[in-house]
Structures are given as C-alpha cells and as structure tokens.
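Engineer: Note that the protein sequences, when read in sequence, are chains D and P. Those letters in the first sequence? Residues 1 to 221, per the numbering used here, in order. Those letters in the second sequence? Residues 1 to 221, per the numbering used here, in order.
Mixed in with the good hints, there may be bad ones.
[As the list claims (entries may be wrong)] Okay, the calculated bits of chain D under chain P, using three or more residues with CB under 8 angstroms as the criterion:
#1 77–85
#2 156–168
[Stated by the list, open to error] Here are the computed lysine-lysine pairs in the BS3-like style, where the Cα-Cα straight-line distance is at most 27 angstroms:
#3 K82/P to K187/D
#4 K187/D to K104/D
#5 K82/D to K187/P
[Claimed, not checked] Ranges of calculated distance between the beta carbons of each label pair, as one might list FRET restraints:
#6 Q72/D to E78/P: 33 to 39 angstroms
#7 G94/D to F220/P: 50 to 56 angstroms
#8 V182/P to T205/D: 35 to 41 angstroms
#9 G84/D to H109/P: 52 to 58 angstroms
#10 Q62/D to R75/P: 43 to 49 angstroms
#11 E78/P to G84/D: 46 to 52 angstroms
#12 P176/P to V198/D: 25 to 31 angstroms
#13 D195/P to E217/D: 21 to 27 angstroms
#14 E78/P to R63/D: 45 to 51 angstroms
#15 E78/D to T73/P: 33 to 39 angstroms
#16 E207/D to T205/P: 23 to 29 angstroms
#17 E207/P to V198/D: 49 to 55 angstroms
Keep in mind the hints are simulated off the structure, nothing from the lab. Glycine residues also receive a C-beta, built at the ideal position from the N, C-alpha and C atoms.
There are 2 protein chains.
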Amino acid sequence: MCDDASEKIVNIATPVMNKNDRFAAENRKLLGEKGIYTLNLISSPGAGKTTVLESMARFFGQRMAVIEGDVQTRRDAERIEKAGCQAWQIETGGACHLDAHAVKHALDHMDLSSEELELLAIENVGNLICPSGYDLGEDMRIGLLSVPEGDDKILKYPSLFSTINVLLINKMDLIPHLDFDVDITIKECRSLSPDVEVFTVSARTGEGMEEFCEFVESSFS
Amino acid sequence: MCDDASEKIVNIATPVMNKNDRFAAENRKLLGEKGIYTLNLISSPGAGKTTVLESMARFFGQRMAVIEGDVQTRRDAERIEKAGCQAWQIETGGACHLDAHAVKHALDHMDLSSEELELLAIENVGNLICPSGYDLGEDMRIGLLSVPEGDDKILKYPSLFSTINVLLINKMDLIPHLDFDVDITIKECRSLSPDVEVFTVSARTGEGMEEFCEFVESSFS
Chain D
1 MCDDASEKIV NIATPVMNKN DRFAAENRKL LGEKGIYTLN LISSPGAGKT TVLESMARFF
61 GQRMAVIEGD VQTRRDAERI EKAGCQAWQI ETGGACHLDA HAVKHALDHM DLSSEELELL
121 AIENVGNLIC PSGYDLGEDM RIGLLSVPEG DDKILKYPSL FSTINVLLIN KMDLIPHLDF
181 DVDITIKECR SLSPDVEVFT VSARTGEGME EFCEFVESSF S
Chain P
1 MCDDASEKIV NIATPVMNKN DRFAAENRKL LGEKGIYTLN LISSPGAGKT TVLESMARFF
61 GQRMAVIEGD VQTRRDAERI EKAGCQAWQI ETGGACHLDA HAVKHALDHM DLSSEELELL
121 AIENVGNLIC PSGYDLGEDM RIGLLSVPEG DDKILKYPSL FSTINVLLIN KMDLIPHLDF
181 DVDITIKECR SLSPDVEVFT VSARTGEGME EFCEFVESSF S
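Based on the sequences and whatever the hints tell you, model everything.
Structural biologist: Listed below in structure tokens is the structure:
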C-alpha cells in the first residue's frame, strides 16, 4: 500500500528517506568489505527482470547471489535457485518498492561468506515509479525497459530513467511485431542520463546477454 | 514519490484514505446526477491502456470523455483528443497513483454539460500496486494485463486483481510469439474475484474490442 503525497505525508517522508539512506550506507559498507558488487534492477511488472537474472545466473553461477523483491509469492526466487544461484525472496506484503532496511534483513539471512561470491543482484518490485527514490546500497542501478511497453516510457518516468547507470532494452525478439523506436528511446534516455550505458537484449533468446554480462563483470573485476 | 510503509506512516494513512473516500463519494454523486458512468483503468506501464481508450473513443465518440493520469507528459491526452474525445490530463508530478481529489479537480475543469456525454474513462497512472487502494468514484474497475507481461502477474498483484470487475487481457496478437496461458490467468483471477468478467483483446488490431465496448455500453444503457 502506497501513501498519499499530501502535505502531511511529505513532511514525514524526509526522515524516512534519511533513515533509508543510513541503512543503504550500512549495506554498501558491508558489501564493499566482502568484495561484493551490487546491482539494483528496476522495471515495470513483466519487463523480464527475472528472465534476465536467470540468464545471468547461467553466466555467473555461484559467483552471483540474488535478492528477489515481490509484493507476494516466492515464484521468482524458486526460478533463480533452479538456474543455479543462491536466492532470497523478500515478500513486501503490499509495499510497492524495496527499501534499504528490507535489503539489510535479507543480507542478515543470506550466506555471504563464500569466497567465490562477488556479485549481488537485487530485483526490485515491478514498478517504474516508487523504487526510484530508494537507494538500496547498490553500485549500479539498471533500468529495464521491454519493447512491448512502448518507446514513450523514458520521458513518462523520469524519476527512474534520470537515475540509472545502465539501460537494458529487453524483448528485442518482439521488435518485428511492434512499433518501437530504439534510437528515440536511447536519445531520450541520454537526455536524462548523459552517461548511461545501453544494451539491447532478449533474455528469452539470449541475444545480447553475453555482452551485457561481460560488461557487468568488467565493472568489478 | 511514494512513502515508506513504516509504522509512523501507516498511522497517518487511515485518515488520508478516509479523506480519499469522501472525495470519491462526492465524485460518484456528481457523476451519477449527470448520468455519467465511470470506469477506472489500472495496469502496468505499457500494457496498452491508451490504445484501448483510443479504440473506445472511436466506438463511443462524443459520448465518452477521458481523464488521463501520468507522472509526466501530456502525450496520452493528445492521443485521445486525436481519436475524437474530450480528454483532460492530470500530471501527478511524481505521485504513483491517482486519488479522488485529483479526479475532482479534473471534473471541475471539464465540460460535463453535454447531454450526449454518458461515459467517463479514467486512465490511472501505470502501476499495478499503488492505484488499487484508491477509489476514484468509479462504477467499474478494469484491470488490464498484457500478454508480454506474463501469466504469473495475477497472484503477484492480488491487491489489484481482487478488486476488479473486469479483466481485459490485451495484446492477444502477440500470443503466437510468447508463452502465456490464458486459461491459468483467468482461473487465478477468478480465485481472487469470482464474478470478474473477462475479455481477450488486441487494442492494436481491434480484435475483441467491439465485444468489450458493447459490454461497457450495456452496463449503463
């Protein structure tokens, strides 16, 4: 459940955000000390975050662990475990985003002791708006946009697309069946985030995923 | 910007919701007096709400007016106006849902005096979570789910799919290219909303849209 943006609420949001930032700093410190590089994946519901992570799990194997954020169900964590990675599910029970405190709890329960482990991917709740205001302690923020959602989404959701390091355009296998202008999408994203890295992929067919995984790997190796 | 679900916030959410319910009751009374039947369309970003409304605008013409909710940009209202309907854009400026007060403001600005007008469609902000808790004063709540989002979304987002009167499964033209089980989707939706009406459509090709529009028409005629 999301609260209203009335004046009453906004006054209280500031200390809440500061509290979140404190937990995010703690997460960043802990993960840094353990030499674990952290990604925060944000997208609409159904843009393909879990399928991207399944593909990454096959590339990174036991070098990667995953935190799955969902309003309800453990389905996504089960998919990731099957693909070969340690996965921890956070069921938010109605909340529309992950916050750094929820991630801290997950970290407390996960086994981060393996020397092999060098990458943590956090799949946020499917939502283009609310997650963008919450630093989780990540090193890289990835915005996923899938081709069927349409090429008008960048400027509609600037609070997300102005804060990402990487834009992943997914479901490229559906391009022949849809009107989606990749060039306009990239141009509009660069107008908000000039240094954004862009990858066009299909997590379902595997197209472009190796190049993306190698880029992630080069960020921490 | 969405606020945290911390205890502090939840205590304040109750009066906020009551305030919303009061505005929703005012909207319902005003629209009822004018003989205008009202729809609230909720979906993920890019599920096709605006394309559905363009198609409905061609069916209903001046009998329908539209309120468009978006975080930013006037693009959707411009599309609806081109399709032949009066449209009013609410830019929420960061808020992740419409509330009844924002809709009341839109109604104050719109021309509701035409005797022809008998249907108001409200396109909510693209978000499967936050809009579900806000009654806008509608007579019918429609949940849109598009085929590329996947058939696992109903149980992941029960706060929406347990409160809808109609499930509209959109982008059926993409079924041959994707793994999407329509029967499971309908079964899971009926487990949450036993009386839900279901329509399978492609707003892009027009498939199923006439049947859906005739159903909406029969609800107020």
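Engineer: Run every hint past the structure and note whether it holds.
Structural biologist: Against the structure, the hints:
Check on the segment 77–85 of chain D: 0 of its residues sit with their Cβ under 8 angstroms from a Cβ of chain P, so the three-residue criterion for coverage is violated. With 4 residues having a Cβ less than 8 angstroms from any Cβ of chain P, the segment 156–168 of chain D passes the three-residue criterion, so the hint holds. Distance hint between K82/P and K187/D is fulfilled; the C-alpha atoms sit about 26 angstroms from each other, no more than 27 angstroms. Note on K187/D and K104/D: the hinted pairing is violated, with a Cα-Cα distance of about 36 angstroms set against a maximum of 27 angstroms.
As the CA atoms of K82/D and K187/P are separated by approximately 26 angstroms, the hinted pair is consistent with the 27 angstroms bound. About 36 angstroms separates the C-beta atoms of Q72/D and E78/P, a value consistent with the hinted range of 33 to 39 angstroms. For the hinted restraint 50 to 56 angstroms between G94/D and F220/P, the CB-CB distance of approximately 33 angstroms leaves it violated. Checked against the hint of 35 to 41 angstroms, the C-beta distance between V182/P and T205/D comes to roughly 23 angstroms, which is inconsistent with it.
Between G84/D and H109/P the beta carbons are some 56 angstroms apart, a value that agrees with the proposed interval 52 to 58 angstroms. Taken as a hint, the range 43 to 49 angstroms holds for the pair Q62/D and R75/P, whose Cβ atoms sit roughly 45 angstroms apart. Look at E78/P against G84/D: about 47 angstroms separates their beta carbons, and that is inside 46 to 52 angstroms. Checked against the given bound of 25 to 31 angstroms, the beta carbons of P176/P and V198/D, roughly 29 angstroms apart, stay inside it.
At about 51 angstroms, the beta-carbon gap between D195/P and E217/D misses the expected band of 21 to 27 angstroms. At about 48 angstroms, the CB distance of E78/P to R63/D agrees with the hint of 45 to 51 angstroms. Against the hinted window of 33 to 39 angstroms, the Cβ-Cβ separation of E78/D and T73/P comes to about 38 angstroms, which satisfies the hint. Taking the beta carbon of each, E207/D and T205/P are about 26 angstroms apart, inside 23 to 29 angstroms as hinted.
For the hinted restraint 49 to 55 angstroms between E207/P and V198/D, the CB-CB distance of approximately 33 angstroms leaves it violated.
In terms of the numbered hints stated before, the structure departs from hints 1, 4, 7, 8, 13 and 17, listed from lowest to highest.
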